[in-house]
Amino acid sequence: MNYTLQFGQVTEFLPYLAGGAWLSLQIAFLAFCGGMVIGAFGAMAKTFGGRVVRGITAAYITFFMNTPQLVQIFFIYFALPDAGILLSSYEAVLIGMTLNAGAYLTEIQRAGFQSVHRNEMEAAETLGMSLLQRVRYVIMPHIAKVLFPPLSNQYILMTLGTSMAAIFGVEELTGRAFNINAETFRSIEVFSITAVFYIALTLVASMSLGLAGRYLFRAKMRLI
Amino acid sequence: MLERIFSEAPDFFTYYNIIFLLEAMLATFLLSAVGCVIGFGSGFFLAVTRKTTSLAYLPARMVAFVFIEIFRRTPFLVTLMMVFFIFQIANVNISLFTVALISVCFIATAFISEIVRGGFDSVHQTQWDAAATLNMTLFQTLRYVIVPQAWKIILPPVFSFFILFIKDTALASQIGVVELTYAGKVLNNKGFSAALVFGSILVLYFALSYPLARFGVWMEEKLAPARNR
Amino acid sequence: MPQLEIVDLKAAYEKLVVLEKINLNVEKGEIVSLIGPSGSGKSTLLRVLIGLLPPVAGRVRLDENDIDYANKATLRMLRDRIAIVFQQYNLFQNMTVLQNVTIAPTKVKGRPVAEVTEEAKELLSKVGLADKFNAYPDELSGGQQQRVAIARALALRPEILLLDEVTSALDPELVNEVLDSIRLLAAEGMTMFIVSHEMGFVREVSSRVAFMSDGLIVEIGSPKVVFDAPTIERTKDFVGKILRH
Chain A
1 MNYTLQFGQV TEFLPYLAGG AWLSLQIAFL AFCGGMVIGA FGAMAKTFGG
51 RVVRGITAAY ITFFMNTPQL VQIFFIYFAL PDAGILLSSY EAVLIGMTLN
101 AGAYLTEIQR AGFQSVHRNE MEAAETLGMS LLQRVRYVIM PHIAKVLFPP
151 LSNQYILMTL GTSMAAIFGV EELTGRAFNI NAETFRSIEV FSITAVFYIA
201 LTLVASMSLG LAGRYLFRAK MRLI
Chain B
1001 MLERIFSEAP DFFTYYNIIF LLEAMLATFL LSAVGCVIGF GSGFFLAVTR
1051 KTTSLAYLPA RMVAFVFIEI FRRTPFLVTL MMVFFIFQIA NVNISLFTVA
1101 LISVCFIATA FISEIVRGGF DSVHQTQWDA AATLNMTLFQ TLRYVIVPQA
1151 WKIILPPVFS FFILFIKDTA LASQIGVVEL TYAGKVLNNK GFSAALVFGS
1201 ILVLYFALSY PLARFGVWME EKLAPARNR
Chain C
2001 MPQLEIVDLK AAYEKLVVLE KINLNVEKGE IVSLIGPSGS GKSTLLRVLI
2051 GLLPPVAGRV RLDENDIDYA NKATLRMLRD RIAIVFQQYN LFQNMTVLQN
2101 VTIAPTKVKG RPVAEVTEEA KELLSKVGLA DKFNAYPDEL SGGQQQRVAI
2151 ARALALRPEI LLLDEVTSAL DPELVNEVLD SIRLLAAEGM TMFIVSHEMG
2201 FVREVSSRVA FMSDGLIVEI GSPKVVFDAP TIERTKDFVG KILRH
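Chains as they are written, first to last, in this note's numbering: chain A, 1 to 224; chain B, 1001 to 1229; chain C, 2001 to 2245.
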C-alpha cells in the first residue's frame, strides 16, 4: 500500500465540516423533539386508549420498528410524489426520522409510565398529598429519573443516525464529507476527520446528559 | 399511485424478480447475522480484556476502550465509507459484501462488548469476591461463576442488536452491496414505481425482522423470571 | 513466633479511613474475636486481610513472610492459606452444594476430582448437610447455606479461617447450627478470626477478644478480662450495653 496520509488539504475544510455538524445537531434535535411529542401521545394512547386506538398505535410502532429508516425515507422521498406529496430531501429526512423516533420514543415513554409503582402512589396518598402534589413530588421525579437515561441514549443514537441524510443530498456532516471527498479524493483523511466530529459530538452529549441526569434527576448514568 | 401499482404488479412479481429479491433478503440477513456472531466473539474478548486488573494489561485495556468508544460513536455509514476506501486504496481485491461485513463486525464488536460488560457487572459483587478469595483466576471466575449467571442477561440485548442491524445494513446499499435495499434501487431504476418497489422492500424487511423480534421478546420472557441457574 | 502479625495496618474506602492503625499478633491455634459497634472496622479488617481491600499503609506478615497485597503471587499464596466465610454466604448461585465445595480444590488447585468429592462429602456431612449435596443454594435455608460456605472454605485446607458475622443474616433459630460447626473447628485447633455479635459464643470459644472502635483496637485480652473487667471506659460502655440485652 503506497499511500501517504495528507491532512493538510482537508483541514482547510474544517469550518465547512463544522457547519455540517451544526446541521446534524439541528436535525437530531428537531427529530428528537418531534419524536418526543409523538411518543407522548403514543404512550398515552397505548396506556389509556380504547381497543382501536391501541391497535393503531401498536401497528405504527411495529411497522416503524421492524423496517429500516433508510427505506422509510426512500418511500417518503421517492414514492409519495406519485400521490402528489412533493417534499424536499431535507423535509423527507426530517419527517422520516421523526416518525421513526416517535415509534421508539413511544415504547420508552410507555415503559417509564408503567414503572411508577402502586406502592409509591399509595405511600403518597397516605401522606395526605393531593393529586397535584402527588404528580409534582412523586410521579414526575420518578418518571424523570427512569426516563432520562434511555432518552439520552436514544438521542445519541439519533445523532449518529442523522448521517443517513447524506444519502439524500442533505449537506449535514456526512453529506459535506461526501462533497469534500469528491473534490479532494482524500477519502481516508476526510472520513476519519468526520468520524472524529461524530465522536466529539456524541461524547459532549453523553457527558452533559450524564451530568444533567445525575444531578438533576439522580439517575444512575455513566458519563462515557 | 394505487392504479400505477396495480398495473405494474404483474410485471414486477415475476419469477426472476422474486428470486432476485429473496437472494437480496438472504444477503441482508447474513450481513447482520454473521457480523453479530463474529462481533459477539470479539466483543466478548474485549469485555474480558477490560475486566483485567494487572498493570501489564493496561495497554490492552486502553486499546479495547478506545476501539469501543470509536466504533460506538461513529455512524455506520461513515465506518462503511472508511472501510470501503481503505480497501480500495490498499488495492485489495475483496467483495463489497465482505467490505460491508467487516464494517458490521467493527460496530457489532463495540456495541456487543458493552452489552457483555453490562452482563458481567450485573452479577453481584459478592460472587466476584467469593471467587477472588478462592484464588480463582479471572478466566476461571468468568467461566465457572460469572458467565453461567450472566448469559441470560446478555443474550436478549445481543439479539435485539442483531435485529436492529438487519435494518441498519440497508446503508450497505450505498457502496453497492446487493442486499435488500440495493435490490430495491435496482428495480426502481428499471422503471418500476418507487411506491411499488419500496413498498415491497418494506414488507420484506418486516417479514424478516418481525418474527425475529417476536422470538426475541419470547426469549427475554423465557429467560427473565428464574433468577439464577 | 506468631503465625500472623499485623503491624500499623491502615485502610480506607476512597477517602474514608476505616482502619486507623491496627496492631495484632496471632499465635497458631488461637481464636481471636473482634467485637465493637458497627462501623468500627471489624469486617473491614477481615476484608483487608484476605486482600479484597488493599491496605493504605502498614504490614501483614504470615509466618514471617511479608505480604504484598499488590503482588498477585503473594496474594495467591496468602489466599491459599487463609480462607474467609462471608456474612451473606456468597455461594455460587449457579452451582450445586457439592460443586460449590469442590470447584476451587479441583479447578484452582488441580486436585483429582474423585478425591476432592470424597472429602467434600465428608466435610458437608460434618456440618450436617449429608442429604443436600445436589441442592442449589436458593433451595436451602440461610443456616444451611452458611454451613455450605464454611465447608467450601475448609475444602481448601486453610491454616487460618476468617468468619465475618456469619450468623447475623440468619434467623435466631438457625444460629446454633452454624455455631456448632464453628465449635467443631475450634476443637480441632484451627486459627480463627471471628467477627460476631453473639457475645455468649464469643466468650465461650475465644482465646482472646479484641474490642474495636473507630478503626482502632481499643482493648484486647482474654474474654474474662474484656467482658468482666474491662480497663478502658469505652469498652466498659460497650460491654455494659451489650450484656444488658
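Hints may be right or wrong, so weigh each one.
Derived pair list, reagent style DSS-like, types lysine-lysine, alpha-carbon separation capped at 27 Å [to be verified]: (1) 220(A) to 1152(B); (2) 2132(C) to 2107(C); (3) 1222(B) to 1152(B); (4) 1051(B) to 2126(C); (5) 2236(C) to 2021(C); (6) 1152(B) to 145(A); (7) 220(A) to 145(A); (8) 145(A) to 46(A); (9) 2126(C) to 2109(C); (10) 220(A) to 1051(B); (11) 2241(C) to 2224(C); (12) 1051(B) to 2109(C); (13) 2236(C) to 2072(C); (14) 2121(C) to 2072(C); (15) 2028(C) to 2241(C); (16) 2028(C) to 2126(C); (17) 2121(C) to 2109(C); (18) 46(A) to 1222(B); (19) 1152(B) to 2107(C); (20) 2072(C) to 2015(C); (21) 1051(B) to 1152(B); (22) 2028(C) to 2132(C); (23) 2028(C) to 2072(C); (24) 2010(C) to 2072(C); (25) 220(A) to 2015(C); (26) 2010(C) to 2028(C); (27) 2107(C) to 2121(C); (28) 2028(C) to 2015(C); (29) 2121(C) to 1051(B); (30) 2132(C) to 1051(B).
FYI, nobody ran anything at the bench for these hints, they're computed from the structure. None of these values were measured; they are calculated from a predicted model.
Status of the hints after comparison with the structure:
1. Taken as a hint, the residue 220(A) and residue 1152(B) pair is honoured in the structure, with Cα atoms around 22 Å apart against an allowance of 27 Å.
2. At most 27 Å may separate the alpha-carbon atoms for a hinted pair to count; residue 2132(C) and residue 2107(C) meet this at roughly 22 Å.
3. Restraint check for residue 1222(B) and residue 1152(B): the C-alpha separation of about 9 Å stays at or below 27 Å, so the hint holds.
4. Using a Cα cut-off of 27 Å, the hinted pair residue 1051(B) and residue 2126(C) is violated, with the two alpha carbons roughly 38 Å apart.
5. Of the supplied pair hints, the one linking residue 2236(C) and residue 2021(C) holds, its CA atoms being roughly 21 Å apart against a limit of 27 Å.
6. For a cut-off of 27 Å, the pair hint linking residue 1152(B) to residue 145(A) stands: about 26 Å separates their Cα positions.
7. Pair hint residue 220(A) plus residue 145(A) holds up; C-alpha atoms about 8 Å apart against a cutoff of 27 Å.
8. Distance hint between residue 145(A) and residue 46(A) is fulfilled; the C-alpha atoms sit about 21 Å from each other, no more than 27 Å.
9. For a cut-off of 27 Å, the pair hint linking residue 2126(C) to residue 2109(C) stands: about 23 Å separates their Cα positions.
10. A distance of roughly 21 Å separates the Cα atoms of residue 220(A) and residue 1051(B); the hinted pair therefore holds under the 27 Å criterion.
11. Straight-line distance between C-alpha atoms of residue 2241(C) and residue 2224(C) comes to about 17 Å, which keeps the hinted pair within the 27 Å bound.
12. Distance hint between residue 1051(B) and residue 2109(C) is fulfilled; the C-alpha atoms sit about 23 Å from each other, no more than 27 Å.
13. Of the supplied pair hints, the one linking residue 2236(C) and residue 2072(C) is violated, its CA atoms being roughly 42 Å apart against a limit of 27 Å.
14. With a C-alpha separation of about 31 Å, the suggested pair residue 2121(C) and residue 2072(C) falls outside the 27 Å cut-off, and the hint is violated.
15. For the hint pairing residue 2028(C) with residue 2241(C), the CA-to-CA distance comes to about 32 Å; that exceeds 27 Å, so the pair is violated.
16. A threshold of 27 Å between alpha carbons decides the hint, and for residue 2028(C) with residue 2126(C) the separation of about 23 Å falls inside it, so the pair holds.
17. The straight-line distance between the Cα atoms of residue 2121(C) and residue 2109(C) is roughly 18 Å, inside the 27 Å bound, and the hint therefore holds.
18. For the proposed pair residue 46(A) and residue 1222(B), the alpha carbon gap of about 24 Å is at most 27 Å, so the pair holds.
19. Proposed proximity of residue 1152(B) and residue 2107(C) is supported: the alpha carbons are some 24 Å apart, at most 27 Å.
20. As the CA atoms of residue 2072(C) and residue 2015(C) are separated by approximately 25 Å, the hinted pair is consistent with the 27 Å bound.
21. Taking the CA atoms of residue 1051(B) and residue 1152(B), the gap is about 19 Å. The hint holds against a cut of 27 Å.
22. Of the pairs offered as hints, the one joining residue 2028(C) and residue 2132(C) is violated, with about 33 Å between alpha carbons and a cut-off of 27 Å exceeded.
23. At most 27 Å may separate the alpha-carbon atoms for a hinted pair to count; residue 2028(C) and residue 2072(C) meet this at roughly 25 Å.
24. Distance hint between residue 2010(C) and residue 2072(C) is fulfilled; the C-alpha atoms sit about 20 Å from each other, no more than 27 Å.
25. For the proposed pair residue 220(A) and residue 2015(C), the alpha carbon gap of about 22 Å is at most 27 Å, so the pair holds.
26. Annotation: proposed proximity of residue 2010(C) to residue 2028(C) holds, straight-line Cα distance about 24 Å (limit 27 Å).
27. Simply put, residue 2107(C) and residue 2121(C) have alpha-carbon atoms about 17 Å apart, close enough for the 27 Å limit, and the pair holds.
28. Pair hint residue 2028(C) plus residue 2015(C) does not hold up; C-alpha atoms about 34 Å apart against a cutoff of 27 Å.
29. Under the criterion of a C-alpha separation no larger than 27 Å, the hint pairing residue 2121(C) with residue 1051(B) is inconsistent with the structure, at around 34 Å.
30. Between residue 2132(C) and residue 1051(B) the CA atoms are separated by roughly 34 Å; this puts the pair beyond 27 Å, and the hint is violated.
This entry does not satisfy hints 4, 13, 14, 15, 22, 28, 29 and 30, going by the numbered hints stated previously.
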